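Asks: Take these sequences, add in the hints, and give me the full structure.
Protein chains: 2
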Amino acid sequence: MNRNQLRRRPLYEQIKSLLLRRINDGEWQVDEALPSEWDLAEELSVSQGTIRRALTELVQDEVLYRQQGRGTFVAESVSDWGDALLGAPGAMGAGGAAPLVELLSCSRANASVEMAEALGLRRGEPLWRLRQLWRYQGQPIALDDAYLSCEKFEGLDARWLRQFGGGVYATLQRRYGVRVMVKSVQFRAELLPREEASLLGQVTSIEVPALSLLRLSVSMTGEPVEWRQRYCLTQQFAYVVTP
Amino acid sequence: MNRNQLRRRPLYEQIKSLLLRRINDGEWQVDEALPSEWDLAEELSVSQGTIRRALTELVQDEVLYRQQGRGTFVAESVSDWGDALLGAPGAMGAGGAAPLVELLSCSRANASVEMAEALGLRRGEPLWRLRQLWRYQGQPIALDDAYLSCEKFEGLDARWLRQFGGGVYATLQRRYGVRVMVKSVQFRAELLPREEASLLGQVTSIEVPALSLLRLSVSMTGEPVEWRQRYCLTQQFAYVVTP
DNA sequence: CAGTGGTCTAGACCACCGG
DNA sequence: CGGTGGTCTAGACCACTGA
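Sequence order for the protein chains is A and B.
One gets the numbering used here by counting positions in the first sequence from 1 and adding 74 to each.
One gets the numbering used here by counting positions in the second sequence from 1 and adding 74 to each.
Incorrect hints may have been included.
[As the list claims (entries may be wrong)] Taking lysine to aspartate or glutamate pairs in the DMTMM-like style, the calculated list, with each CA pair at most 20 Å apart, reads: (1) B:K257 - A:D157; (2) A:K257 - A:D219; (3) A:K257 - B:D157.
[Stated by the list, open to error] Short derived list, chain A residues pointing at chain B, Cβ under 8 Å: (4) P163; (5) A165; (6) W202; (7) A263; (8) L288; (9) V292; (10) T308; (11) Q310; (12) T316.
Because the hints were derived from the structure by calculation, they are not lab data.
Nothing here was measured: the structure is a model prediction, and the numbers come from that model.
Backbone N, C-alpha and C fix where the C-beta goes; we use that ideal spot for every residue, glycine too.
Replies: So, in structure tokens, the structure goes:
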């Protein structure tokens, strides 16, 4: 390891970046073990304690997971759904589960002002719009529109996404080597727009309030990747977050 | 430090608990420095590295904060509002700020089934109900009802809360030595009930959707302390969370 | 059993802060 | 300048896993 690096970034930070790059380059697959801490220490000419610290932080970032006696492994990327669970309103203890996803469509759109700003693109640039329907206990519960740059993710289409399964983020990781993490989430309460209401099976004429989420996801290097809007029905189940 | 403790809990965990107890007992005030890592190490007969690890985790839990060259200090308890910010819808970059709080009333209520379960009490037990109005840029933006056990927090009243200022959590810490952290939050979209609508200045006859939050807060030892419900207007500002 | 991560120690040097 | 936290090293022992 180069010790004369202007002494700016600590060693363990440099090792974090290095490992992150190698993970994203696909050097180790999901659930595959990295070399042991001692082997990494020798390879990178640092002490095992320094390797340990880098790995510990990557575990905290949920990029890796450890199992005592077995090794250190590459973690799955986050789920499209996010960390939230669906639970009975008022019952704070028992968290439910995450819903199941179905890809409805993959079309093209143009970046709005907000999308362009959030994604670091110019207004009007072409984006993929991936529409997903979430079901919980068989019932439609949420509708997502995910927007991603066409340029960065050339050739993304419904066939790929359905074939891979596991949602948009899993596909980004496996096909484009991009790991993603949620940077920011906005919550609002809105009346469900007509189109979304019909897709969510809300056919009554009365207007129904829905939880509206806006979410910005970035790559591990902090580069904005996805702008996602979600309408979530919360009459039966609440959207539960546990910090 | 007792090394023959059945070897169950690691030393740094024991030290975390010990320091947490001493912080809650008021041994050091908010923004007051703890003894240096070396002094603590000597006092507790462990190595500085072990003290360091315990402190690092308490910093991650936002119980302490560190300043290089100065020391390690007791942090403020969390704000009643929580970690969220109010921001312009669609603008993910620029987070706004938190709103200002005003205590409306302090009354008594009886625990509902959900409250009792969440707080570990029996149904119908007496609770304080603290009603707070949040204003942002002068406009009412959210209404909170915080419920706490009357038994555990004897003598809580509006005078104390107003006199202390800084909200419920600051008062719990200063008067009862209880530090609090948010354990779980539920989000729902609802139509704003009539009473809450009038307190939030929504006098139109049409029904307005509001973001409904249910939040359970616990002490540092994990004991449930507060059940809080919030109605938040989101027509103008979104509720922004940054993980 | 060998190999892995998990804890703990001791000591060194650096970077920053304040008087 | 002394005192603080921040980084890095080397080595020891433990606890768990799997062959």
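Asks: Hints first: check each against the structure and report whether it holds.
Replies: Taking the hints in turn, this is what the structure says about them:
no. : hint            : in the structure
1   : B:K257 - A:D157 : holds, 14 Å
2   : A:K257 - A:D219 : holds, 17 Å
3   : A:K257 - B:D157 : holds, 14 Å
4   : P163            : holds, 6 Å
5   : A165            : holds, 7 Å
6   : W202            : violated, 19 Å
7   : A263            : holds, 4 Å
8   : L288            : holds, 7 Å
9   : V292            : violated, 10 Å
10  : T308            : holds, 4 Å
11  : Q310            : violated, 10 Å
12  : T316            : holds, 5 Å
Checked against the numbered hints given earlier, the structure breaks hints 6, 9, 11 and satisfies all the rest.
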